[in-house]
Amino acid sequence: MTTRHLSIALLLAGIIVAAPHANPAGIEQQTLPQQQSDVSVTITGTNGGKPKLAVPEFLVENPTPDLQQAAKTISAVLWDDLDFEEEYYMVPRDSAARIPAATSPETLPYDRWSELGVDAVLFGVVRKAGTGMEVEVRLMGVRGDAAHKQAFGQKYGGCAVANARFCAHYISDDFYKKQRNLDGVARTRIAFSSDRSNDLATGRISGNATQEIYIADYDGANPQRVTASRSLSISAAWSPDGRSLAYTSYVSHFPDIFVQNLSDIRLTKPGGGNEIIHNQFPAWSPDGSRLAFSSIRGNASNFNIYVVNRDGTGLRQLTSGAGMDVAPVWSPSGAQIVFVSGRSGDAQLYLIGADGTGLQRLPCLEPHCDHPSWSAATNKVAFTCGVPSGYDVCLLDMSNMSNVAKLTDGLGSNEQPSFAPNGRHVLFVTTRWGKSQLAMVDIRGVVSKKRITDLGNNKYPNWSHSPQ
Amino acid sequence: MRRARVSLFILLMAIAGCHKAPPVAKPTPPPPTPFPNPAPASAPAAPAPVPEPPPVPSEPVVTVDPLTTSPIDDINKNSPFKPAFFALDSDELDDAARAALNEDAQVLKKYGTWVVTIEGHCDERGTAEYNLALGERRASAAKSYLVSLGVSTDRMKTVSYGKEFPFDPGHDESAFSKNRRAHFMLTAK
Numbered sequence: 001m002t003t004r005h006l007s008i009a010l011l012l013a014g015i016i017v018a019a020p021h022a023n024p025a026g027i028e029q030q031t032l033p034q035q036q037s038d039v040s041v042t043i044t045g046t047n048g049g050k051p052k053l054a055v056p057e058f059l060v061e062n063p064t065p066d067l068q069q070a071a072k073t074i075s076a077v078l079w080d081d082l083d084f085e086e087e088y089y090m091v092p093r094d095s096a097a098r099i100p101a102a103t104s105p106e107t108l109p110y111d112r113w114s115e116l117g118v119d120a121v122l123f124g125v126v127r128k129a130g131t132g133m134e135v136e137v138r139l140m141g142v143r144g145d146a147a148h149k150q151a152f153g154q155k156y157g158g159c160a161v162a163n164a165r166f167c168a169h170y171i172s173d174d175f176y177k178k179q180r181n182l183d184g185v186a187r188t189r190i191a192f193s194s195d196r197s198n199d200l201a202t203g204r205i206s207g208n209a210t211q212e213i214y215i216a217d218y219d220g221a222n223p224q225r226v227t228a229s230r231s232l233s234i235s236a237a238w239s240p241d242g243r244s245l246a247y248t249s250y251v252s253h254f255p256d257i258f259v260q261n262l263s264d265i266r267l268t269k270p271g272g273g274n275e276i277i278h279n280q281f282p283a284w285s286p287d288g289s290r291l292a293f294s295s296i297r298g299n300a301s302n303f304n305i306y307v308v309n310r311d312g313t314g315l316r317q318l319t320s321g322a323g324m325d326v327a328p329v330w331s332p333s334g335a336q337i338v339f340v341s342g343r344s345g346d347a348q349l350y351l352i353g354a355d356g357t358g359l360q361r362l363p364c365l366e367p368h369c370d371h372p373s374w375s376a377a378t379n380k381v382a383f384t385c386g387v388p389s390g391y392d393v394c395l396l397d398m399s400n401m402s403n404v405a406k407l408t409d410g411l412g413s414n415e416q417p418s419f420a421p422n423g424r425h426v427l428f429v430t431t432r433w434g435k436s437q438l439a440m441v442d443i444r445g446v447v448s449k450k451r452i453t454d455l456g457n458n459k460y461p462n463w464s465h466s467p468q
Numbered sequence: 001m002r003r004a005r006v007s008l009f010i011l012l013m014a015i016a017g018c019h020k021a022p023p024v025a026k027p028t029p030p031p032p033t034p035f036p037n038p039a040p041a042s043a044p045a046a047p048a049p050v051p052e053p054p055p056v057p058s059e060p061v062v063t064v065d066p067l068t069t070s071p072i073d074d075i076n077k078n079s080p081f082k083p084a085f086f087a088l089d090s091d092e093l094d095d096a097a098r099a100a101l102n103e104d105a106q107v108l109k110k111y112g113t114w115v116v117t118i119e120g121h122c123d124e125r126g127t128a129e130y131n132l133a134l135g136e137r138r139a140s141a142a143k144s145y146l147v148s149l150g151v152s153t154d155r156m157k158t159v160s161y162g163k164e165f166p167f168d169p170g171h172d173e174s175a176f177s178k179n180r181r182a183h184f185m186l187t188a189k
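The listed protein sequences correspond, in order, to chains X and H. Residues in the first sequence are numbered consecutively from 1, following the working numbering. Residues in the second sequence are numbered consecutively from 1, following the working numbering.
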């Protein structure tokens, strides 16, 4: 490929992403005063179980069609976001819709809600404010000590009408933080590879579809394509600040690592790949200053783990010797790296210091252990485990290395896990519905049937860090 | 435009190449007998053979090997290279694989300037990461063998596509066996 062609390919390989950043509209919030004199009200569930929460459709002041549509979206998405973390039993929408709507928190038909066994109702109002919207939410207790009292009240200004989903995500994260002291993930995003464009990869035979990098909201909404490599672009990894993606691309007819800023078209290649230097599986250090990756160089016969500064300087080789070393990820402190190696036969997990010392094998307790993801929140490593006839997602507790649990249920093949930043869910690839699709499972292993993708084959998922 | 002219050139050379023997002059037919005289009862005498004109000295015909003139993409679509196939999970060359690579070595020796990329491919079983590594081992195994046959290492690059670019999209052993291969792609002449 001539230099000129390569430059064009690199230019095309990065698409400027018009994705909403963590707080694009500058949502501002203020606490709404509680109506009663009591300082704090706590919503509890019956017999210590999860509180039963209703989120009916929000009231719209001075409704216009777009405002009404935005309000419907906000309450629906907020319902889904609140349901996701499984801290509440959410009242089904059709049951809630049968209760007459109220025009104020005071006039809520508490007796009707009480009949449903509801513990609290999230009362919401949407009104136009300037060029955007203002959303008020109040959490009202229905029974017991909290009956008719406000447990939570916030007003959110600066929500964009065109971005009602983000407004709901913002509210959900804020609500969870204040009510349950829980860092929600509603504003996070996912990256993945997909062949949904059905483009033929350049220079390949028919049927060899291109895989490109996509990003989407954590719930799978708003998918956007990021690369146009006309080849394989895989193993995307979000930078900790959420502004860049590192990924492996075969756009130059060999695998190399690209770091792409999402807000401009700038692409860098810190691994310095060429026809005899192949780089793949980039992983960001927790502070975003370095990348670990797998590389085969010159006349070497094996892939080894390397670390390099984000700007391409300071290249250091961490592993050597027999066996292919691939798929590195960093420990939460950035002092160690877990990777996959075939040095003792089939793929197993190994731990090494970021300075190259202290190599040890991890007891993953499965014949094949692959694609680790290390959660800073829980200090657990999720990984692909099992046998080719049907892999599963397993969990290794790094604080107690005899503890290995299986998260998935053997339906189809389940692989390539990526932890949510709060460690409560794992995003993974499953073939249980036919093609490769992304799904999420909670840390207890209850498959939430949260299917995230529909089109084409989708793989190599990566969950962003929480917005900063 | 240049591409069309090159294609036309190749076409003409191909046609010229089809005719290996020089053109042969055919005997000219005798002039017709004037009609009024009916033919005699006896069979007419065979016309006197027309002496053959002296043979035209043949133009020297150059036999052109299309592989030296075809574009790389065309060569790859109808490749002179044979893939080496592998058993499940293996990067070992069996007799059939070595036989294929022996022929590939001959091609590379015949066209001494050619540079190839040997791609390692896998069937769909096993994880994506495992297969990217296995593909690399298969490509390397093929390359090492060719080096041992005297092909210069500089002329062969390797790359692994794992299971991402199968040659047969099927999900049975017939398809799997076609996908477990070291595949040759010409990249420079």
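Don't read these hints as lab results, they were simulated from the structure. Treat the hints with caution; some may be incorrect.
Calculated cross-link-like contacts (lysine-lysine; reagent style DSBU-like; alpha-carbon spacing at most 30 Å) [as the list claims (entries may be wrong)]:
id, chain 1, residue 1, chain 2, residue 2
1, H, Lys-77, H, Lys-178
2, X, Lys-128, X, Lys-50
3, H, Lys-189, X, Lys-269
4, X, Lys-72, X, Lys-50
5, H, Lys-109, H, Lys-82
6, H, Lys-109, X, Lys-435
Comparing the hints with the structure gives:
no.	hint	verdict
1	Lys-77/H <-> Lys-178/H	holds (17 Å)
2	Lys-128/X <-> Lys-50/X	violated (34 Å)
3	Lys-189/H <-> Lys-269/X	holds (28 Å)
4	Lys-72/X <-> Lys-50/X	holds (26 Å)
5	Lys-109/H <-> Lys-82/H	holds (15 Å)
6	Lys-109/H <-> Lys-435/X	violated (44 Å)
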